Amino acid sequence: MDVVASPQKRARAEDDLDLPPLPIVSCRSEELFLADGNIVLRTRSIATSGEPPVSSVRLTHYRVHKAVLGLNCAAFKDLLEGMSDDAFGNSEMFEGVPVMDTHDEQKDLDVFLKAIYLHDWIHDSYDTDPEGFLYTSERLLKLAKKYDAVAIRKTVIKILEWEWPSEYWTWENVALPSLETYSGPRWARDPVLAIRLGRDYDIPSILPAAMYELCVLYELYDHTRDPDLAVSHWTIEAGDWPDRMTDPLDLSKLDVEDFKRLWLGRGALHSRWIRTLQNHYFLETIRPLIEIYCLTAEKCARTFDQGMRAFRGSRNPVADPNPFSCLRDARVFVQNLYGLCGICRDKIIVSVFDPLVFWGELPGMFDLPQALPPSS
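Numbering (the numbering used here), first residue to last: 1213 to 1588.
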């Protein structure tokens, strides 16, 4: 007689436990629950409060206008036009108004609707809190992509392109001073997040400046990790950083490919800088240039040689982690170098210390798309 084994009992899963449901807390948006609104957008989030902490489901309601949503967001327009009045009449109601669950994070939808309804809210947020705006821009770009909000996307991108310009002279005036004065307790710019936003939301124009900035900050600490290690295992304790860098950059937010671009670009940038120094900062390479144009070439050559010796002694450009800062300072130094004729001064500045060629090579160094002009 065959013996049939009894089936094993299924292990009780966590979902099978008879846990009490979380209490529901329903609330209105403080700023965007408009009396004449004809649709309510709702978000769900888990909130914890009290002592001891108690969790609850928080429903946040935004009473807004279908027409305003449709004007600003093509996806909302298509969605709302495709729904009949009967569909809205049969939907859940909140204070007599049809409800639409958005499945968005509450903070994401909150800033997105403020960007739609509150005049110049995006620029005001940037002016008030430039440190925090980058994180706000991530929320705005996420929902602008989801709901096809073209105007919001363009406004955010213009601000990001101001922070990480593709045009060199704008970058030198706007970004370089901040990069030279990196200090705690907070770094007002996060190039790691900027790189991720550039990738995730198709903003290639900010990538060269953001990658260069990250590379310079990276050079301020002696990294020795293997680039093939998983990025998730790259951790740096705050105490390991120099005192002036109290906030370590979170490199774990870079994907593996961008981390390798940083590593390889770091080497390419250093090699390019050393080549620049060899070609342009020494008398033997400058003399042929000025002899063509200058009637007092020997005097100007001696002046340049003595001046650059003094510059190299005070600045040590070989060890400088920020080549464009060194290029700018060398340009200013030559402009003020007494004893150099105007013809030689202008020729040396244009031919030797012009940063535009170097800047244009950044995309290739970091294996990025060619730098694009700012969006129109």
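Calculated from the structure, these hints are not laboratory results. Remember, predicted model here, so these are calculated numbers, not experimental data. We put the CB at the ideal spot given by N, CA and C, even for glycine. Mixed in with the good hints, there may be bad ones.
[To be verified] Calculated lysine-lysine pairs in the BS3-like style (CA-CA distance at most 25 Å, straight line): (1) Lys1278 / Lys1366; (2) Lys1370 / Lys1511; (3) Lys1289 / Lys1326.
[Claimed, not checked] Ranges of calculated distance between the beta carbons of each label pair, as one might list FRET restraints: (4) Asp1360 / Gly1479: 36 to 44 Å; (5) Asp1558 / Trp1333: 25 to 33 Å; (6) Ile1486 / Ser1526: 15 to 23 Å; (7) Tyr1505 / Lys1366: 44 to 52 Å; (8) Gly1479 / Thr1260: 43 to 51 Å; (9) Thr1393 / Glu1304: 28 to 36 Å; (10) Ser1526 / Lys1358: 49 to 57 Å; (11) Arg1240 / Val1544: 56 to 64 Å; (12) Ile1486 / Ala1363: 40 to 48 Å; (13) Gly1479 / Trp1333: 39 to 47 Å; (14) Asp1339 / Arg1240: 24 to 32 Å.
Distance restraint evaluation - isoleucine 1486, serine 1526, Cβ atoms, bounds 15 to 23 Å: Holds, since isoleucine 1486 and serine 1526 (Cβ atoms, about 19 Å apart) stay within the stated range.
Given pair status - lysine 1366, lysine 1278, alpha carbons within 25 Å: Answer holds: lysine 1278 to lysine 1366 is near 22 Å, not above 25 Å.
Arginine 1240 versus valine 1544 beta-carbon gap, inside 56 to 64 Å or not: With Cβ atoms ~57 Å apart, the hint holds.
Cβ distance range 28 to 36 Å for threonine 1393 and glutamate 1304, holds or violated: Because 54 Å falls outside the window, the suggested range is violated.
Restraint check for lysine 1370 with lysine 1511, where alpha carbons must lie at most 25 Å apart: Violated, at about 48 Å.
Pair hint lysine 1289 and lysine 1326, alpha-carbon separation not exceeding 25 Å: Given pair lysine 1289, lysine 1326 holds - Cα atoms ~18 Å apart, limit 25 Å.
Beta-carbon spacing of tyrosine 1505 to lysine 1366 - inside the hinted bounds 44 to 52 Å or not: Holds: the Cβ-Cβ distance is about 47 Å, inside 44 to 52 Å.
Assessment of proposed distance window 25 to 33 Å (beta carbons of aspartate 1558, tryptophan 1333): violated, 47 Å
Cβ distance range 24 to 32 Å for aspartate 1339 and arginine 1240, holds or violated: Distance hint for aspartate 1339, arginine 1240 holds at roughly 28 Å.
Whether the CB-CB distance between serine 1526 and lysine 1358 falls inside 49 to 57 Å: Distance hint for serine 1526, lysine 1358 holds at roughly 53 Å.
Outcome of range test on Cβ distance (isoleucine 1486, alanine 1363; 40 to 48 Å): holds, 46 Å
Supplied distance hint 36 to 44 Å, evaluated on CB atoms of aspartate 1360 and glycine 1479: About 41 Å separates the Cβ atoms of aspartate 1360 and glycine 1479, which means 36 to 44 Å holds.
In this structure, the hints that do not hold are numbers 2, 5 and 9, in rising order.
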